[in-house]
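Chains as they are written, first to last, in the working numbering: chain F, 1 to 96; chain D, 1 to 297.
It is possible that some hints are incorrect.
Unchecked claim - One side of the interface only, derived from the structure: several residues of chain D facing chain F at Cβ under 7 Å:
hint, residue
1, Phe8
2, Pro21
3, Ala22
4, Gln25
5, Val29
6, Ser50
7, Leu54
8, Ser63
9, Glu65
10, Leu297
Since the hints were made in silico from the structure, they are not lab data.
Cβ coordinates follow ideal geometry from the N, Cα and C atoms, glycine included.
Here is what each chain is made of, one letter per residue.
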Amino acid sequence: MKLKIKAQAGSFESSDVLIMVEPLADGSGRRVELESIVMQQFGDDLLAQINKDLDVFEISDVRIIVNDKGALPPTISARLETALKRSAGIQSGTLN
Amino acid sequence: MESKKNTFKRRTMLYIPGNNPAMLQQGSVYGADGVLLDLEDAVALNQKDSARILVSHMLKYISYEACEVTVRVNHIDTPFGLDDLKQIVPLQPDAIRLPKVETLDEISRIIKLVEEIEDEHNLPHDKMNIHVMIETALGVQNVYDIAKYSPRIDAISIGGQDLAADMQLVKANDGVGIDYARKQIVMAAKACKIDVFDTVYVDVENEEGLREEAEYIKKLGFTGKAIINPRQIEIVNEVFTPTEQEIRKAVKIVKAFERNKKEGIGVFAVDGKMVDAPVVQRALRVLEMADIELADL
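Here chain F stands alone, though its shape is the one from the complex (with noise of 0.2 Å):
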């Protein structure tokens, strides 16, 4: 997946997450900044299901934030799958 613009998926409910992303120049790598109310607890498992999910969509190249508010793994890997796919043009049936 190629990513093109600055998006953003989610909300800063409870058991809800934010998740922005930016593409970045070739070469770059992956830059994740995370924020969590369970960051104590769960930062290490929510860092690999992110870039598990980043492997599935071939990204390399990519800035993501994250401020998580309890999320559960299917609500983190939702929003950054619609993060992605609103970043890379290709997500159909949205107005916005």
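Chain F is already provided as a structure; the job is to place chain D on it using the hints.
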């Protein structure tokens, strides 16, 4: 026509906004018989993509226990409907709910699409049920033809708010304007031997009004009611659950029926009232609603 049986109780079906992770992950704890994960009216136009993706991840991850899981997709003629079907159908929730169905042509077109998606994923055509919503005057006029179109349609429901708008009703909450439609839709469902759900009760604060409406629609023949707030569940479940007195009476009738059957007697009296086959049928329905097996009597 054989009755189409499902394994779920269907007194209450709770709408859960498809873009709300907190409610989606807790859907089964509120006590509703079913959850309706909503991609349609409960989702803002600019969040349709987000809700669709969130619901699809939740379906893979969350167990809704004994709750029937239905996903309401957007209408096929909106920019979102086809994407909803492509994403949700492969996940095979217990059912998908189709809003604003109006004609036979429309339902046949949608079911064809659903089955094409199932074929692409090597999925059977008989696992996921289809619920049809009737929400316009035209839909009400065509409801029987729509309901009988496919054996996959195992429930229909009335969408009262949209129907009232389509009928240009100014005051809709008293139910007067949609009363004919309610009865027409119930009759179509009964003719097709399928379940039928009533519309939501929007005045969440008015619990007495909700109870009155639930009692009324139960008398009309509805199977259950759509719910928009967890606090409405207990009231509607209570209305649609047989009372102890009703259960005792039903047990008495069924036991008397079994006794008389052995002696070849078809019509008899219980507590001074005539009992024949339709009365026994209603008593059996009471026991079914109370989860009482004949073998337990």
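Okay, the hints, checked on the actual structure:
1. For D:Phe8, the interface hint is violated, since its Cβ never comes within 7 Å of a Cβ in chain F; the closest pair sits about 23 Å apart.
2. For D:Pro21, the suggested interface contact is upheld, since its CB lies about 4 Å from the closest CB of chain F, less than 7 Å.
3. Contact between D:Ala22 and chain F, as hinted, is supported at the beta carbon level, the nearest pair being about 4 Å apart and thus within 7 Å.
4. Residue-level restraint check for D:Gln25 holds (minimum Cβ-Cβ distance to chain F is 6 Å; threshold 7 Å).
5. Because the beta carbon of D:Val29 sits about 13 Å from the nearest beta carbon in chain F, more than 7 Å, this interface hint is broken.
6. Proximity of D:Ser50 to chain F holds as hinted, the smallest CB-CB distance being about 5 Å (cut-off 7 Å).
7. Proximity of D:Leu54 to chain F holds as hinted, the smallest CB-CB distance being about 4 Å (cut-off 7 Å).
8. Checking D:Ser63 against chain F: minimum C-beta separation of about 12 Å lies over 7 Å; hint violated.
9. Look at D:Glu65: its Cβ only gets to about 16 Å from chain F, farther than 7 Å, so that hint breaks.
10. Interface restraint check for D:Leu297: the shortest CB-CB distance to chain F comes to about 45 Å, outside 7 Å, so the restraint is violated.
Checked against the numbered hints listed earlier, the structure breaks hints 1, 5, 8, 9, 10; every other hint is satisfied.
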